[in-house]
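So the protein sequences, as listed, match chains S and Z. Mapping of the first sequence onto my numbering: position 57 corresponds to residue 57, and the numbering continues sequentially without gaps. Mapping of the second sequence onto my numbering: position 226 corresponds to residue 1226, and the numbering continues sequentially without gaps.
Hints should not be assumed to be uniformly reliable.
[Said to hold, decoys possible] Facing chain S, a subset of chain Z residues (Cβ under 10 angstroms, in silico):
#1 1235
#2 1239
#3 1282
#4 1283
#5 1284
#6 1285
#7 1287
#8 1323
#9 1325
#10 1329
#11 1330
To be clear, the hints were calculated from the coordinates, so they are not data collected in a lab. Note that the structure is a prediction, hence the values are computed from the model and not measured. We treat Cβ as the ideally placed atom computed from N, Cα and C, and that holds for glycine.
Chain by chain, the residues run as shown.
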Amino acid sequence: MKAIISQLLAGIAFCLLCSTGTSLYAQDSLAAGQVPLVVRLPDPDKLEAMRADKDFLYHEVVQQDDSFWKQLRHKIGRWLEETFYKGRASGFWEFLIYVLLTVIVVFVFVKMQKVGLSELISRKAAPAPLPYHVVEENIHELALDVLIEEAIRKQELRKAIRLHYLQSLKKLTDAHLIHWLPGKTNRSYIAEIQHPALRREFEQLTSMFEYVWYGGAGLGTELFDTARNEFMQFDNLIKQHA
Amino acid sequence: MEEEVLTSVQENKTDYSSLHQAIRAIKQELHQIIVGQDQLIELLLVAMLADGHVLIEGVPGVAKTLTAKLLARTVQADFSRIQFTPDLMPSDVLGTSVFHPGTATFDFKKGPIFANIVLIDEINRAPAKTQASLFEVMEEQHITHDGTLYTLAAPFVVLATQNPVEQEGTYRLPEAQLDRFMFKVLVDYPSLAEEINILEMQHRGADLKQDLERVQPVLSSEQLLELRQAVQAVHLDRKLIEYIAQLVGETRVSKSLYLGASPRASIALMNSSKALAALRGRGFVTPEDIQELAPTVLRHRILLTPEREMEGITPDDVVKQIVQKIEVPR
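When you get a sec, could you build the whole thing from the sequences and use the hints?
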C-alpha cells in the first residue's frame, strides 16, 4: 500500500515540474521576438571626465627620478599592500599589522637597552650590581714563590703561611689530586684526596692554616720556620704521589 | 710537629671544651628517647647558643614536637607550650587585662609567651592576626600592652613547628615573621635503620611518658646565658664577615629570586656560625661553618621568582648555587 502511494506522489511531482518548465520557455520566446534591441554607448564627455578623475587612477606611476630610498619605500608599500590588502582589505588586518609593527619596535628597543622581558612584566625591579667589588684570586696566575719571599722579608708571617697553603693547593691541582673550584672549602679538598697518608698530612696543614688565617693566631719566626718545613715536606709528598 | 705549632697558636684562646661537654650531655639526654634527628638536635642547640628562634617544618609524625619538648626539658628554665589553632587570638598568646573588682583596676594577666622556652605547635594553623602578635616579642623580647612595656626574662627562645604549607588548614607565615626565625629546619622521615630502631623500642613496650620523666636538666638558664657569652667571644675574621655579606648580598641580585635575604639574615648567619664553631670546640669560625648553615638561615627568607618555582627549583638549590659561585676566602 505504502509503495503505491509513494509511486503516485512521485508521478504527480513529475507532472507539475514538466508543466512549469513549458510555461517559462513560452514566455522567453515571446519577449525575444517582440522587443527591438537598442545599442547604448557611454557619453564620451563623461568618459573623459572620469579618465581625468584621480580616484579612478588604478596604475600608480613611480617617478623615475625619485631617490633610492623613495623607490624602496614605494616597493615595500606596494608589497605590503599586495600581501595584506589585495582583494580583502579590512580593519582587522590593518589593526594586526600595526600591532605587529609596534611589538617589533618595542622588542628591538628593549633588546637594545639590555633589559630582560620577564623583568618588565614581573613586579621585581632589575637587579642592581653588588655595592662592592668582589676580588677573585686565581692561584694559577699568582707568582707564589715571589710573594712568599716578599711576605717573609716584610715579616708578614701569617700571610706567608697563607701563600704556602695556596701553593700546596696549586701543587695538588697540578698533580690532579684535587679539582680546584673557587666555591670549595678546605674540607672539600681534604675529602678529594685519595691517598690516606697525603690526606692526613694535608688535614694537619689545613688545621694549622685555619688556626693562623681564620683564627687570627700570631706566629713567631721559630714557629713559622717549623710550619714552613712542614709545607716543604708536603710538597715532596705530592711529588711522590703525582 | 704540626701539633706543636697548633698548640702554640692556640694559646690565649678561650677554652670551649666545657661548652662542648655540656652540649654532648644534652645530646645524650635527648638520644635516650629520640632516634636519629642528629642534624635537628644540633641546629636547635646552635640556635639556643646564638640567641635565635627556630622554625621546624616537617610532615606529621616525625618527632618535631617531641624533640623541641625534650630540648626544653634539658634546660632548667620556664617552659610553655601553645597549640596554635585557627581561632586563637593575640590575647591568648600575649595576655590580657582583667578587671579586679576589689581594687576597681585592670590587672595584666600574662599569657603563655612569658616563659624562657616557648614551644609553639603548628604555628601555621593560626591566622595572620595572631601571627602578627609575635612580631614584637620575637624581635625585641618585650610586649607593649595598654601602653605598658613588659620585658621577658632571658633566655627567650621560640621553637615553632609547622606542617608544610601545602597541607590542609595551614596558612603561609608572613615574611616579616619568617625573617624573625634564625633557622628553618626541615625534618625528613627517618632512615630505614632508624625506623626499625623506633619500632623495636615500641615493640619492647617503651612508655614515652615514663621516658620523658627520665630526661634530666643539664643546664640552668644562667649557664645557658654564660655559654652565649662564650659564643660571642668566638673569633670571626674580617674576611669571613665579608664572605657572609657577599653570600647574603648575592640573594638580593640573583635573577632566580623575587625577594632576597635581609641584613637580619646576615646577622643570623654570623651569630649561628660562631655558635656552631663553639659547639665543635673551636674558638674561630671557618668558611665551612658558614656554608653549612647558609641553607638553614636563608631558605625561609628568600622568595623564588614564579618562573623558577614552576621549574621545580627549591630555595635550597638557589642557596647552593650562590655558595658555589662565591669564592671561599683564603
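For this session: Would you settle whether the hint for residue 1239(Z) is holds or violated, based on the nearest Cβ-Cβ distance to chain S being less than 10 angstroms?
Result: Cβ of residue 1239(Z) sits 8 angstroms from chain S, so the hint holds.
Exercise. Can residue 1325(Z) be said to touch chain S, with a Cβ gap under 10 angstroms?
Worked result: holds, 6 angstroms
Exercise. Any CB of chain S closer than 10 angstroms to the CB of residue 1235(Z)?
Worked result: holds, 5 angstroms
Problem set entry | Minimum beta-carbon distance criterion (10 angstroms), residue 1323(Z) to chain S | holds, 6 angstroms
For this session: Mind checking the CB of residue 1282(Z) against every CB in chain S and telling me if the closest is under 10 angstroms?
Result: holds, 8 angstroms
For this session: Against chain S, run the beta carbon of residue 1283(Z) and see if the smallest gap drops under 10 angstroms.
Result: holds, 7 angstroms
Problem set entry | chain S contact restraint on residue 1329(Z) - CB to CB distance below 10 angstroms | Residue 1329(Z) check passes; min Cβ-Cβ to chain S is 9 angstroms, inside 10 angstroms.
For this session: Go through the hint on residue 1285(Z) and say holds or violated, using the shortest Cβ distance to chain S against 10 angstroms.
Result: Check passed: Cβ of residue 1285(Z) comes within 7 angstroms of chain S, closer than 10 angstroms.
Problem set entry | Hint validity - residue 1284(Z) Cβ closer than 10 angstroms to any chain S Cβ | Where the cut-off is 10 angstroms and the nearest Cβ of chain S is about 4 angstroms from residue 1284(Z), the hint holds.
Exercise. Regarding the hint that residue 1287(Z) lies at the interface with chain S, is the smallest CB-CB distance below 10 angstroms?
Worked result: OK, holds: residue 1287(Z) within 10 angstroms of chain S, min 5 angstroms.
Problem set entry | chain S contact restraint for residue 1330(Z) - C-beta distance below 10 angstroms | Nearest chain S Cβ about 7 angstroms off; hint holds.
Consistency note: the structure conflicts with none of the earlier hints.
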